[in-house]
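Asks: Chains as they are written, first to last, in this note's numbering: chain A, 1 to 173; chain B, 1 to 155.
Everything hinted at is true.
A partial selection of chain B residues facing chain A, derived with a Cβ cut-off under 10 Å:
(1) GLN47
(2) ALA49
(3) LEU50
(4) ASN52
(5) THR54
(6) LEU85
(7) MET136
(8) PRO138
(9) GLY142
(10) ASP145
Which stretches of chain A does chain B cover? Using the computed rule of at least three CB atoms under 8 Å from a CB of chain B, they are:
(11) 61-71
(12) 128-142
With a Cα cut of at most 20 Å, we get these calculated EDC-like pairs of lysine to aspartate or glutamate:
(13) B/LYS56 / A/GLU127
(14) B/LYS29 / B/ASP123
(15) A/LYS44 / A/ASP91
(16) A/LYS6 / B/GLU53
(17) A/LYS6 / B/ASP145
(18) B/LYS151 / A/GLU137
(19) B/LYS155 / B/ASP62
(20) B/LYS56 / B/ASP46
(21) A/LYS131 / B/GLU53
(22) B/LYS56 / A/GLU65
(23) B/LYS56 / A/GLU126
(24) B/LYS84 / A/GLU65
(25) B/LYS56 / A/GLU133
(26) B/LYS56 / A/GLU137
(27) A/LYS6 / B/GLU148
No lab work stands behind these hints, which were simulated from the structure alone. C-beta atoms are modelled at their ideal positions from N, C-alpha and C, and glycine is treated no differently.
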Amino acid sequence: MSSHLKPAVSEKDHAEGTKAATVQLVEYGDYECPHCGAAYPVIKKIQKTFGSQVYFVFRNFPLSEIHPYAMAAAIATEAAALQNKYWQMHDIIFENQEMLDNEGLQQMAGTIGLEIKKFQKDILREELQAKVEADFESGVRSGVNGTPSFFINGNKFDGGANDLYNMLKENAG
Amino acid sequence: MLQKGDKAPAFTLYATPDQKFSLTELKGKNVILAFYPADWSPVCSDQMALYNETLKFFNRYDAAILGISVDSKWCHLAFSQSRKLHFPLLADFEPKGDVSKSYGVYNENEGESDRALFVIDKDGIIAWSYLSPAAMNPGADGILDALESLKQKTK
Numbered sequence: 001m002s003s004h005l006k007p008a009v010s011e012k013d014h015a016e017g018t019k020a021a022t023v024q025l026v027e028y029g030d031y032e033c034p035h036c037g038a039a040y041p042v043i044k045k046i047q048k049t050f051g052s053q054v055y056f057v058f059r060n061f062p063l064s065e066i067h068p069y070a071m072a073a074a075i076a077t078e079a080a081a082l083q084n085k086y087w088q089m090h091d092i093i094f095e096n097q098e099m100l101d102n103e104g105l106q107q108m109a110g111t112i113g114l115e116i117k118k119f120q121k122d123i124l125r126e127e128l129q130a131k132v133e134a135d136f137e138s139g140v141r142s143g144v145n146g147t148p149s150f151f152i153n154g155n156k157f158d159g160g161a162n163d164l165y166n167m168l169k170e171n172a173g
Numbered sequence: 001m002l003q004k005g006d007k008a009p010a011f012t013l014y015a016t017p018d019q020k021f022s023l024t025e026l027k028g029k030n031v032i033l034a035f036y037p038a039d040w041s042p043v044c045s046d047q048m049a050l051y052n053e054t055l056k057f058f059n060r061y062d063a064a065i066l067g068i069s070v071d072s073k074w075c076h077l078a079f080s081q082s083r084k085l086h087f088p089l090l091a092d093f094e095p096k097g098d099v100s101k102s103y104g105v106y107n108e109n110e111g112e113s114d115r116a117l118f119v120i121d122k123d124g125i126i127a128w129s130y131l132s133p134a135a136m137n138p139g140a141d142g143i144l145d146a147l148e149s150l151k152q153k154t155k
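The whole structure should be built from the sequences, with the hints applied where relevant.
Replies: Put into structure tokens, the structure is as follows:
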């Protein structure tokens with residue numbers, strides 16, 4: 001359908017890279033979704049290959065009914081963000097998807113060096129859940145129909161992470 | 001395919017193995033009809049799983065959603081349980097595809113419903129309809145836009 005990113009990327013988003021990059025890549029993802037897990041190393045490859053040309057934003061799209069820990073994982077990354085370790089948490093969850101449950105998240109938080117007492121308190125904060133839900137709603141409004149869904153410079157990209165890599169490669173060449 | 005402004009044809013279909021459901025039961029509510037080709041096929045599953053997660057947004061617009069395909073009530077039951085769906089799936093099973101045909105969204109070659117969406121207003125008039133490519137999950141943004149404009153209109 002229309003499939004434009006709503007709302008546009010702002011300072012509320014978690015982003016990697018420089019804003020001036022030519023390619024603004026937004027992923028709507030679910031930490032428990034195997035396809036998102038498979039896309040994760042491809043996104044890393046894109047970031048490595050295209051470096052400063054890519055500005056990467058991740059927004060949460062937890063399908064809580066089919067993935068019981070997706071919401072908890074998303075909240076855990078937001079709690080990590082409060083300790084300036086959003087991307088460390090994001091990475092470690094995708095790298096250890098098979099151990100994703102409440103206990104696993106605690107372990108991961110410890111591994112990346114979060115202050116655990118603060119983390120445990122923060123994950124109960126309602127505004128973190130509200131932020132994840134706002135991400136989800138923005139995804140629905142933007143035409144996200146499954147995970148992962150990608151947007152390039154505000155337009156929905158009809159394809160997976162590998163298609164994305166190939167497309168960028170072609171455009172670069 | 002029925003379009004905006006058409007009256008939504010009435011129907012009564014099985015929603016569970018022992019219960020029938022009529023469109024008239026939702027009178028006074030907005031209704032979303034999601035016709036889809038088949039239970040279990042990957043795209044449909046994603047589409048129904050997505051609507052399962054977006055029910056709360058539909059609720060905000062006082063809208064109920066019904067999934068409709070030609071699968072039998074027993075097939076719907078198993079599919080619905082497997083996906084933990086919180087909205088009814090109706091069996092357009094006998095006479096096969098009758099309701100889909102009345103909305104103009106039946107694929108004779110495949111013997112399945114098209115992947116089509118309708119938003120029906122509280123007076124039973126179609127406010128929006130959309131035919132999606134069969135292999136494409138149309139998402140929920142079009143539905144929400146249609147519900148939003150209905151809300152604006154009734155203000």
